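Engineer: Protein chains in written order, with the numbering used here: chain A, 75 to 718; chain B, 75 to 718.
Everything labelled a hint here was simulated from the structure, so no lab data went into it. What you were told as hints is all true, and nothing was included just to trick you.
In this list, chains with the same sequence are indistinguishable; a pair is considered to hold if it fits within one copy or across any two.
For lysine-lysine, the following DSS-like pairs were computed, each having C-alpha atoms within a straight-line distance of at most 25 Å:
{"hint": "1", "residue 1": "K695", "residue 2": "K207"}
{"hint": "2", "residue 1": "K695", "residue 2": "K378"}
{"hint": "3", "residue 1": "K692", "residue 2": "K159"}
{"hint": "4", "residue 1": "K378", "residue 2": "K685"}
{"hint": "5", "residue 1": "K695", "residue 2": "K224"}
{"hint": "6", "residue 1": "K347", "residue 2": "K685"}
Source: prediction; values computed, not measured.
Number of protein chains: 2
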Amino acid sequence: MAESWSFLDTPEPNFRPLVVIELAKGTNEETIKWLTKRIVDKKANGGAQLLVKPVVMENGDENIYLVGASHLRLLLGAETVGLVKECHDNSMRTFTYSSRKTFKDFADDNHNFLTTAECQYIIKHELENLRAKDEKMIPGYPQAKLYPGKSIVRRLLTSGILVQIFPLHDREELKKLSHSWYGQVKVRYQPLDEIRCYFGETVALYFGFLEYFTFALIPMAVIGIPYYVFAWEDYDKYVMFATFNLLWSTVILEVWKRICAVVTYHWGTLLMKRQFEEPRPGFHGVLGVNPITGREEPVYSSIKRQIRIYLVSLPFVCLCLYFSLYVMMIYFDLEQWALDYHEENETNFSSLMLFVPSIIYAVVIEIMNRIYRYAAEFLTSWENHRLESSYQNHLILKVLVFNFLNCFASLFYIAFVLFDMKLLRQSLATLLITSQILNQFAESLLPYWLQKRHNKRMKKRMSSLKTDMDLSLVEQVNLEKEMGTYFGTFDDYLELFLQFGYVSLFSCVYPLAAVFAVLNNVTEMYSDALKMCRVYKRPFAEPTANIGVWQLAFETMSVISVVTNCILIGMSPQVNALFPESKMNLVLTVALVEHFLLAIKFIMAFVIPDKPREIQIKLDKLEFESLEALKQQVRATDMYNNER
Amino acid sequence: MAESWSFLDTPEPNFRPLVVIELAKGTNEETIKWLTKRIVDKKANGGAQLLVKPVVMENGDENIYLVGASHLRLLLGAETVGLVKECHDNSMRTFTYSSRKTFKDFADDNHNFLTTAECQYIIKHELENLRAKDEKMIPGYPQAKLYPGKSIVRRLLTSGILVQIFPLHDREELKKLSHSWYGQVKVRYQPLDEIRCYFGETVALYFGFLEYFTFALIPMAVIGIPYYVFAWEDYDKYVMFATFNLLWSTVILEVWKRICAVVTYHWGTLLMKRQFEEPRPGFHGVLGVNPITGREEPVYSSIKRQIRIYLVSLPFVCLCLYFSLYVMMIYFDLEQWALDYHEENETNFSSLMLFVPSIIYAVVIEIMNRIYRYAAEFLTSWENHRLESSYQNHLILKVLVFNFLNCFASLFYIAFVLFDMKLLRQSLATLLITSQILNQFAESLLPYWLQKRHNKRMKKRMSSLKTDMDLSLVEQVNLEKEMGTYFGTFDDYLELFLQFGYVSLFSCVYPLAAVFAVLNNVTEMYSDALKMCRVYKRPFAEPTANIGVWQLAFETMSVISVVTNCILIGMSPQVNALFPESKMNLVLTVALVEHFLLAIKFIMAFVIPDKPREIQIKLDKLEFESLEALKQQVRATDMYNNER
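All chains, please: the whole structure from these sequences, using the hints.
Structural biologist: Structural data, given as structure tokens:
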């Protein structure tokens with residue numbers, strides 16, 4: 075089976091490997107034959123019409139296959155997935171093969187019209203859309219059932235026959251990208267367009283947001299520095315700072331939407347039509363008829379899912395939140411006990427004991443976070459969401475709430491129960507700085523080091539081996555298949571979200587938070603870039619037009635921060651001194667100001683348009699054109715009918 | 075010119091008059107000839123291909139024309155405007171002439187497939203889309219300039235040559251409708267589908283909302299009655315009532331969105347594509363190129379408009395609001411002065427004097443409302459909005475804010491400055507009841523009576539006259555052209571909005587408000603129905619999928635009412651008694667409860683889906699089908715390319 079199936083049907087002199095398929099070792103010969111046939115078969119026969127080439131491993135195993143496609147096939151695929159590209163007249167239009175000549179950079183011999191990320195996305199889409207026809211099961215695996223229309227690749231993945239599918243790195247491009255991204259010492263914007271071409275829109279948008287957010291924090295940081303340098307304690311200055319912060323945070327989130335629209339318009343994803351979403355791999359149910367597609371597929375009652383969400387998941391999350399608060403209370407008790415102990419018998423041992431509660435609490439929090447994450451994934455999976463997007467949203471919501479509480483509960487307690495501003499500032503600084511350092515280490519540097527060691531070992535093993543294939547390619551596949559998988563931007567956004575919390579929730583007590591956030595984000599950009607380029611497998615590109623649920627999360631955080639900052643300012647001794655007679659008036663004033671600020675926030679969010687005028691005009695123009703086209707069509711019918 | 079142009083081109087045995095065009099008396103012969111020619115001309119020659127018939131008036135004047143259309147023409151027009159109709163398989167689809175056989179109720183001889191409202195809407199659309207070709211001005215009126223693509227009818231309207239265009243009532247249908255609507259004594263739902271067929275979706279949706287809102291108020295009214303009957307003054311009961319009210323108002327607004335989706339889905343307007351909006355008639359500017367259409371048309375800088383809005387309109391509105399508050403303060407001073415005067419010299423005259431301030435204030439408010447409405451219309455028109463929808467939104471916002479303040483400022487003052495709950499309850503009751511009675515009288519009964527008198531006079535005059543046309547039709551046209559114009563649902567919604575304010579803002583002090591609102595709305599339904607059927611000209615149907623900006627207005631009101639109710643409850647002596655020691659704790663508790671309720675409101679609004687599941691499935695199905703159709707197309711190209 076060393077021949078490459080592809081060459082049977084479509085001769086292609088330059089086979090460019092794009093995607094790697096790894097099957098389980100010892101997979102049934104019959105299955106491999108069937109799968110590869112389906113992949114290379116003509117569209118008309120229900121195949122994907124791609125090219126496949128097996129990779130012979132060092133030990134003679136043949137369970138890894140490279141997938142590519144002819145140039146024409148990729149262009150047709152681009153039409154299928156609905157890619158949007160720039161035309162000669164600078165407008166963005168959905169690519170169709172028949173109108174290919176109107177697109178900028180298109181030439182029959184220009185194989186760079188589609189970026190490698192787009193090519194890999196197309197291949198992934200085509201592979202996932204390989205559907206069972208009348209097969210009842212996967213040949214060779216009678217237990218892996220199929221039904222007409224079921225995605226073959228998804229079934230292979232869930233039944234463990236297919237280990238993984240991943241896109242190959244492009245050594246040349248990666249080198250160029252990493253040079254312009256983090257290879258130079260000089261300060262410059264991130265090469266977002268290049269990142270997008272290589273990693274796709276979701277990753278590029280994360281880096282865009284990271285960069286934008288860092289720039290947006292700079293004014294806060296600049297204003298925050300003199301508070302530290304001159305040790306300003308006048309609360310009128312703090313009030314100024316907090317008010318600026320609150321309005322600023324609204325402005326930056328609104329402006330981000332506009333920037334996002336501009337960027338994704340030029341990437342084409344703003345105009346890209348949403349594809350019809352398939353059930354996620356883990357979804358199960360009894361075989362029924364989907365009311366939308368009319369196709370046979372597993373169906374799961376939405377009421378059952380609602381019951382699982384509201385009667386099991388929701389109480390469980392509440393319980394976890396309660397437990398987390400309970401642990402926090404124990405921590406404060408321990409802290410108090412250690413303090414008392416230290417005061418009673420002042421020894422070296424007792425002063426060491428002072429650190430014990432914090433250390434225990436930090437460890438417990440970390441453990442709880444991990445257990446909870448695991449539980450949240452289990453529960454959300456058990457809720458049996460049909461769509462990946464709905465699964466993701468429910469998971470994000472669960473994790474977000476818990477992380478929010480875990481990170482900020484102790485700060486809230488210190489601020490609003492203990493009323494200890496000094497302790498608050500101190501805790502805030504400790505939490506912010508340590509979490510930043512730990513994150514950078516655990517997220518990028520450690521995996522990078524591990525990866526490097528692993529690579530060296532692999533190279534040694536490989537060099538002692540001879541194959542008839544291009545050695546460096548086999549080597550590359552072997553190295554990359556062992557690399558870690560990048561699970562999406564979730565953790566990166568979560569980190570930014572929590573950072574935004576540290577900066578905005580208590581901004582009036584610790585103006586320096588923004589400075590640390592800026593410093594962290596500058597290094598974060600580099601370490602994340604390193605992580606993407608060197609540590610992880612290349613991820614499949616994922617077209618997207620915005621940062622999705624995170625926009626909402628950041629906006630919610632900025633609303634909460636209005637409330638906390640107003641209360642903090644109201645509690646300050648300086649403001650209290652302004653209302654010597656009546657605490658009532660103080661509270662009423664604070665409440666009034668808070669409502670006023672919230673109202674301004676909502677009005678600002680309402681008044682600032684989500685898309686810049688020029689983008690809106692371009693979108694309107696496209697809509698107008700499609701309406702005109704429709705009218706032309708009607709007019710043609712009109713005339714036809716009149717002539718009869 | 076007594077011949078009917080229509081019969082020259084398209085013979086049609088049964089000319090059914092649908093729309094009336096009234097030209098100014100003594101309009102140039104040349105202009106009339108040109109206009110009628112354009113109306114009846116073939117589409118290919120830039121005409122509207124409709125039928126026209128002149129009406130000879132009693133005094134021999136010939137300035138009124140009836141417009142109709144052949145059955146085929148109307149069906150083609152239905153395709154142009156994008157009507158959505160029900161198919162045989164119960165799904166809603168955009169009507170096209172070529173697929174006409176797949177639609178329910180379609181038969182070549184069934185002339186009721188399109189409702190008269192739809193036919194009139196199509197004719198209006200076709201007339202408004204009569205566009206200047208290369209004419210530089212209207213023939214006969216050199217001062218009325220034209221440019222290529224300018225809507226002829228709009229230019230004729232703005233230059234006063236065209237007095238009005240209105241749809242004719244259909245006596246038969248109107249009789250049936252009014253019988254089932256308000257002709258029977260027995261209690262039943264309003265015939266929304268029939269209303270929609272006769273008056274179009276916007277009017278029907280208003281009546282739907284009115285009915286729904288009345289039903290939604292019934293639980294509040296039922297719970298409110300015992301408070302009055304048993305004179306409950308326990309504030310725990312009031313707290314219960316207020317909390318119920320707040321959550322209830324969120325629920326009803328969310329549920330309305332769902333009902334609205336169901337109703338408009340079956341009417342077809344939920345799926346109807348937004349037509350490209352033309353500049354509104356009053357819009358002016360220098361001739362330039364529209365960046366969206368690429369056509370020559372007047373262009374007005376958006377920055378200039380922004381400047382007018384923010385530097386003139388906004389300050390003016392603020393000034394008006396301030397003035398209105400100032401007048402209110404004078405009223406309270408007068409009131410106090412009258413009271414003092416009465417106490418000092420208790421005479422008959424002095425007790426009469428007690429009423430003087432209220433009367434003066436009521437009159438002044440009414441005058442201010444009218445002047446302000448006029449000013450708001452002038453300002454919004456001066457802001458020179460390009461689109462009618464944008465003009466309407468800005469006008470509604472201005473009027474809404476001012477009316478809100480005018481109606482509720484005195485109540486807010488009594489509640490939160492004077493702290494006089496008894497006076498608040500009394501003022502609330504007076505304001506609510508008198509405004510309801512006055513409204514019903516001024517809005518429906520008075521015009522109805524005037525109309526009836528006018529009709530009698532007209533009939534007398536007509537009967538002494540002989541014409542060669544069908545007398546009753548001439549009579550009908552003559553009667554209807556003198557009827558008042560229905561200016562849309564704005565005032566009706568405004569009334570409901572203010573009523574919602576009376577019911578929800580201070581619900582915890584006056585639970586009986588809901589009872590009065592329900593009673594008012596029941597009679598309102600009948601008086602509004604009477605108004606639509608008997609008092610006003612028939613309005614053109616206006617397809618719509620929701621109640622637009624009013625949804626937002628009602629939601630904002632329900633947010634404000636959370637704040638007011640929480641404060642009112644916090645101020646009550648019973649709640650104050652719960653916190654005998656510290657007023658601080660009271661205020662903090664109230665603030666906490668308020669934030670909690672607001673959070674619940676937002677979460678509820680977020681969690682309740684805007685469209686019911688079955689409607690969502692139908693929409694998804696349509697989207698899926700269009701995606702599939704696209705794929706089929708791609709696949710066809712695919713095969714074509716493979717075969718080459």
